[in-house]
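Each chain sits in its own coordinate frame; assemble them with the hints.
First to last, the sequence lines map onto chains A and B. With the working numbering, letter number 60 in the first sequence gets 60, and the count goes up by one each step, no holes. With the working numbering, letter number 263 in the second sequence gets 263, and the count goes up by one each step, no holes.
Source of the hints: derived by calculation from the structure; they are not laboratory data. Incorrect hints may appear among the rest.
[To be verified] Derived DSSO-like pairs: lysine-lysine, alpha-carbon spacing no greater than 27 Å straight-line:
{"id": "1", "chain 1": "B", "residue 1": "Lys27", "chain 2": "B", "residue 2": "Lys195"}
{"id": "2", "chain 1": "A", "residue 1": "Lys197", "chain 2": "B", "residue 2": "Lys108"}
{"id": "3", "chain 1": "B", "residue 1": "Lys45", "chain 2": "B", "residue 2": "Lys124"}
{"id": "4", "chain 1": "A", "residue 1": "Lys197", "chain 2": "B", "residue 2": "Lys187"}
{"id": "5", "chain 1": "A", "residue 1": "Lys204", "chain 2": "B", "residue 2": "Lys27"}
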Amino acid sequence: MQGASATGVLSHLSRLEVQARSRKTEPQQRSRVTELKAAAEQLRMRREQLRAEVETHKNLQKLRTSMDKRREDEEGEEGMDEDSEDSELLRLMARHTQLNDLLYAHHIIGGYDAIKTRQGQGLCLSLPTAYDGVFLETYNLEIDVKPTPRIARHNIPPFIPLSDLVEQSDMKTDIRTFLDTLSQHLNAFSGRKQQLKLLKELHKSVEVMESNALCSILVMMVTVPKEKTAVLCTLDYTDHTRCLPTRVHFECNDKPLADSPDWDKTRSLLLETPVHKALSTMRNMGNIV
Amino acid sequence: MDDSTRRFLQRLIRRIPAQMLKTTLDKWGRLTAAQKQSMDFTEPKWAFTERLLDICEENGWTWKHITELEMTYVIDNPNQGMWYAFQLMDPEDDAHSVELTHFKEQFKSHLSELARPVSVKMKKHADEAIWIRIAWGDSFSRPNHQKPTYVVHHLQTPYVFVTSLTSKQKPLLSQALVLSTRHQAIKDASLSGRKLGAIRDLLMRQYQQVFPTSYPSPLAERNETVSNPQIEKEQAKSAENRLQMACEAFGDGMLPQLQSSVYKLETKFKDHTNKTMTEREEPFRCVVKFASTNLLESLRHCASSGIASTPVTPLLSSIPLKGRNYFIIKDNGPGPSSQTRQTQN
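Next up, chain B with everything else stripped away, as it sits in the complex (with noise of 0.2 Å):
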């Protein structure tokens, strides 16, 4: 084991917290029995990591299986840095029948073409989700590990999920994709955020939705526990109301979580008062970020305790519906979804 590879493995069990480490060490399963049994959990990590240092040279390991640990723990704890969302279009005729080992071989030979040299690992996880480990390379070095970029992707759905890409990179990983899903163009879903998890159930609609219906709906038998019968609230069938609104516009229960939501708005400036703002000929460019621990709960609380306006706006519903969280706003109407990012960093 080179000089590297042991600095990569150092500062990759830095990464991982102390009470994680046995079960990705497990999960891995590349440790025999009694390699385990001599592991001691419970020392400091400095002396933890000489030992799997020892035992990587006993077992004469190399970047490979190094990599093979990083991609385990980052599996399992993906809620690292910001993931990105794309979304594939115009499939061809064969795009539903694409089957696994078909679309490794098929992304590997037509990224290794785009890009040599880079190092490709893929995976299946158990909910169908297909792992890819990109770390990239060009003319001058070789495959660089440090920064790898990840992929995740559900066959036969039109979405992709990518964290640490460049923007040199991007379009070899576009043209990579678009070839061995079948498809003809990708874009870029507007959507962003820290889970991995969220983004993923907001655009496949895993959250629980509420529709109309005209049968007794479940929100209104759930909420009919009184605490008190003596106690009548004022305005209960408006309450119900707009409880029923927000949750019809954001959905009922657990939400994925975002953190935020960025407007863009790029309109011409309409106040009545101030004559010299209005003008002027150019739009008065403004963003407009709301930014939360959980903004689709908050945004559904506003909804329902009456400080937002029901029914909701589509500017605010939009996120749930577009399955967006970046929009730009121009004088005809909210962006549509032609409208990309400028940059990806």
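Chain A with its partners taken away, still in its complex shape (with noise of 0.2 Å):
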């Protein structure tokens, strides 16, 4: 039966089983085989690429130090003496992220900040505050730069004259001018609440009686150790791009003890050092308890 088995419709079957299975595998095999060439030659040009990248950078590290030793050495422009594009723009690139880390320098040490919004439209400032080697809060200033330069929004506290400021200097031409003073009404006042705020914790025996949002007074209540008689000192900060006070006023039942040298000392202590650490003073001193 081998001969009919040869032609009949079993082995038929099985013959188109095999031609089928053949065309399976050989077209798999061969669309894999270019699938792979396919990734290897994207993989060798991303290679390339990278490669290139990588040429780029250390030629702008070659420069940036070269550009950076230059300014140090106080030379000469010597540079690339080829005036091709290419040294053109890694020079330009150079530059680039030499303004980039000195902006970053400038905002670590406490400079504004500043950068574009809305696509140039806007322009958000930021200003920090430090006293004592210490920074205390930021505060932001957000602008619309047309038509004319105008706070879109801010949180600079309302005791802070944020609009007389913006008045007597001109806004479009010395922008720079309105900032330094505003960073000094911001700085003043926050160093003038730290100061307070470390007076109420390093001199517990000494009782804060009055205090306002602005941190532009404070009346104290102190205490002289022999007599046991209790002295309220004022003091009025009147300008408020100090630190320090502008008027000390002491205030006390024992008259004479108001009027002695001992307390004109305190008082011109009081006016030059900040009032924690003229309160450490007059306690060493044995001034007050």
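Below is the structure:
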């Protein structure tokens, strides 16, 4: 029956089956190979790209170090001899990274941080405040640049005279003066607030009778050790751009005490040193408890 | 102690929740240690009130002392009733140096001149706020202590917060405030809410605002905790942008709790499919009110989840930006700051 099986239906079917199977595997293998070849090509291109980037970066670094070194040595412009477009571009890129680093350094040491918003139609400034080497709050201003520079929003407390400062300086031509004055006010306010906080923390024996949100007035009660009399000290900070008081006034039931030369010295001490440090000195000198 | 005083005290004790009685009385500070010992805070309120009334008779206390107790309670629990914000305008040159005692004297004398008889009590709170309690009287009667007005002001800021003020009393209070704080005018700040702290924080900008910075944004850093690294968020970038814009408009973290925002529209009707309405000459008057337990939080969530389109429309972002929640919108733009409310009750 072998002859019959070679030409029968079953054998025909099995032949078709073999054919179909071979058709499947061969194209599969072929397409897999082309796939892999394409992937390899892509990876090669990527490698070339990365190599070029690394090369540019190396050149840039070289250029940067030479630029920085040149700035230190104060030599003349030596630069690359070739005026090719590439070197010009590289130089610009190097300068760009240099300026970015400078801006970042400025930001870290507490300078204003300005960035463009809304595709150049807005400008956002941040003003950090610090006192005695400690960074305190940062205040922000968002300014609309067109048609005239005007403040859109901010988080500056209402007792800082922002609208007065805006009127006093021309935002269009000299925004720097405005920012400097504002920064003075904010730094002084943060400084006075910090002094009040330290005073409350370090000097529990001194009672703060009156203070206000702007920290422009401070009334405290101190006790003299010998006679246990209470003296009321009033510090007026009328200059809101300074951290030190402009006027110091003592009140005491025992009149001669307030007029004694010791208290004159104390008065000048309070006028010249920050209040929490002045109180420490006064305590060390034995003037107060 | 006469009858009205007794009744006032009874009503006051009824008003104070049982768990706050002890702390309020301690803060009031008028009871001696022995008297405090003799009070039993676990007994029912009517018995407690009787005991307190006896102590008051013993010590011979009057209206002055009882209103002090009420003031102590209100200062600690200010979130009852509606608070309205006012803004002082055009300061004189010496407005910045107005100090506490001066302000107190001036306010009392001016108000007594304007609204005789009146009972004024002023107290400085630890957070630099000056609390004023005013009981108004008129030519026929003594000051009515049942409906006092409370006023809160921080010196050297232009804001004043008021509760329980009638329209008759408003001009008298305004005049007294303007004169004693050395300003030239006072206007309605169009901001109201149930929580004093919330409207105060909003106006004094005491909440966390977000500004664009070029250095890593704290928002992005905080949200970096990925629960499962195998889950990748599609559209993560646009979600981040929306969150940034929402936070820039409303703020970050805990926001002041406002309860409502009202927009009064007086604009012409604009709908091409409705000819009759569009042809009318007069503007279409309509009032839209948004209400929530924490309105700003809800609006911020709307913006960050994409329900409200970003960048946030100025109609919504004006609430924290301008510090108001009542707007009148006319055809030439959203209500300018000179718009005032008609009645204040």
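Here is how each hint holds up against the structure:
| no. | hint | verdict |
| --- | --- | --- |
| 1 | B:Lys27 to B:Lys195 | holds, 22 Å |
| 2 | A:Lys197 to B:Lys108 | violated, 32 Å |
| 3 | B:Lys45 to B:Lys124 | violated, 30 Å |
| 4 | A:Lys197 to B:Lys187 | violated, 34 Å |
| 5 | A:Lys204 to B:Lys27 | holds, 21 Å |
Checked against the numbered hints above, the structure violates hints 2, 3, 4; every other hint is satisfied.
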